[in-house]
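The listed protein sequences derive, respectively, from chains A and F. In terms of the working numbering, the first sequence opens at residue 1 and continues consecutively. In terms of the working numbering, the second sequence opens at residue 1 and continues consecutively.
Note that these hints are calculated values from the structure, not bench results. One or more of the hints may lead you astray.
Cross-link-like lysine-lysine pairs, in silico, PhoX-like; alpha carbons within 20 Å at most [as the list claims (entries may be wrong)]:
| no. | chain 1 | residue 1 | chain 2 | residue 2 |
| --- | --- | --- | --- | --- |
| 1 | F | Lys88 | A | Lys60 |
| 2 | A | Lys47 | A | Lys2 |
| 3 | F | Lys28 | A | Lys60 |
Taking beta-carbon pairs under 10 Å as the criterion, some of the chain A residues facing chain F (in silico) [claimed, not checked]:
| no. | residue |
| --- | --- |
| 4 | Val10 |
| 5 | Ala22 |
| 6 | Leu39 |
| 7 | Thr55 |
| 8 | Met62 |
| 9 | Ser63 |
| 10 | Gly70 |
| 11 | Met74 |
| 12 | Gln76 |
| 13 | Pro86 |
| 14 | Leu87 |
| 15 | Ile90 |
| 16 | Val106 |
| 17 | Arg107 |
| 18 | Val109 |
Sample of chain F residues facing chain A (criterion: CB under 7 Å; computed from the structure) [stated by the list, open to error]:
| no. | residue |
| --- | --- |
| 19 | Ala46 |
| 20 | Pro71 |
| 21 | Leu92 |
| 22 | Val151 |
| 23 | Leu182 |
By construction, the Cβ of each residue, glycine as well, lies at the ideal position given by its N, Cα and C atoms.
Below, each chain spelled out in residue letters.
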Amino acid sequence: MKLMIQIGLVFAVCLVGEGASAALPFPFPASVISMLILLLLLLTVLKVEHIREKTDFLLKNMSFFFIPAGVGIMGQFDVLRQNLFPLLVILVVSTLLTFAVTAYTVRAVICLQERFRSKRIEKRDGAAP
Amino acid sequence: MTQILESPLFGIVLSIFAYELGVWIHKKTGWAAANPLLIAILLVVAFLSAFHIPLEAYQTGGDFISLFLAPATASLAISIYNQFSLLKKNLLPVLAGCAAGAVTSMGSVYLLCKLFRLDEQLTASLLPKSVTTPIAIEIAAQNGGLVPVTVAMVVLTGILGAVAVPALLKLFRVKNPVEAGLAIGASSHAVGTSRALELGEAEGAMSSIAIGVSGLLTVLFSMLIS
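Whenever a hint applies, use it, and build me the whole structure from the sequences.
See the structure below:
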């Protein structure tokens, strides 16, 4: 599809997302709604090829779009300096914990699933001698 | 001179070249710590400070760039769509792992903030630190957090995760690629995922799935809290 139409399509989805976010009775991020709408479209009518160039550009250069938000840190230097130690502790501890809990949960679920599956196979084999 | 600073093009041009320099340094060194976004932010901050340019002058152009955050977030749908069959096949481990990860991340941040007696604004800025930047920004803004602090913490979390991945895999005896990918994605989003991709295709795919799913779950959980 023409690049201009691709851009228009993605922006239109975001516009609808913003409208939907404003219409919802509770706060829900507009861009996340747009993401869900786009996923829904991809699962139904839209093909990835239809918007490939535009979204490739956005995905590949994703971090570029966060530069201004990050540069805003200039206005927050005092907050950082005053809380440097707590921020570092929070950074390290919560990242470690999140990694460990996710890994162990996935391990436990996969283990349970496998046990469940082999039991079912045992049952089936046992019932049909 | 002031005309140049007043133009929105000033912030845009500065950002583009700072970013490209960051990408170049990242490629040259190959270090996870040489994150292009981090380098670009540091370069822009250094440039503005060195020439005593007010932040407002930069943000005139910066606002134009931020406008593309929503379409960039929406494009994550493509990543999820590309991994959809893998997501369906591992639905239970993905949902359970990401939910546990999201709760752990937010819970531990919240408790530590309370322990250090940080104020509400700072707590709101830190809560979404383990999810991908576009989603974290929205959650922080909605709960009254300081968005720049959130961006800094999210990027640092990603870098820490990426750098620590080999040690963490060994420490927690992670061998299954599904387990490795999900743990990396849930704890250190896209920056960690770039590292997971180096481990293997399955690790990278599971890690990208974890970015989207953890992001969504964190949005839902933070709605329940507030």
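Do the hints match the structure? See the list:
no., hint, verdict
1, Lys88(F) x Lys60(A), "violated (25 Å)"
2, Lys47(A) x Lys2(A), "holds (14 Å)"
3, Lys28(F) x Lys60(A), "holds (18 Å)"
4, Val10, "holds (5 Å)"
5, Ala22, "violated (13 Å)"
6, Leu39, "holds (4 Å)"
7, Thr55, "holds (4 Å)"
8, Met62, "holds (5 Å)"
9, Ser63, "holds (4 Å)"
10, Gly70, "holds (4 Å)"
11, Met74, "holds (5 Å)"
12, Gln76, "holds (5 Å)"
13, Pro86, "holds (4 Å)"
14, Leu87, "holds (7 Å)"
15, Ile90, "holds (5 Å)"
16, Val106, "holds (4 Å)"
17, Arg107, "holds (5 Å)"
18, Val109, "holds (5 Å)"
19, Ala46, "violated (10 Å)"
20, Pro71, "holds (5 Å)"
21, Leu92, "holds (6 Å)"
22, Val151, "holds (4 Å)"
23, Leu182, "holds (5 Å)"
Checked against the numbered hints above, the structure violates hints 1, 5, 19; every other hint is satisfied.
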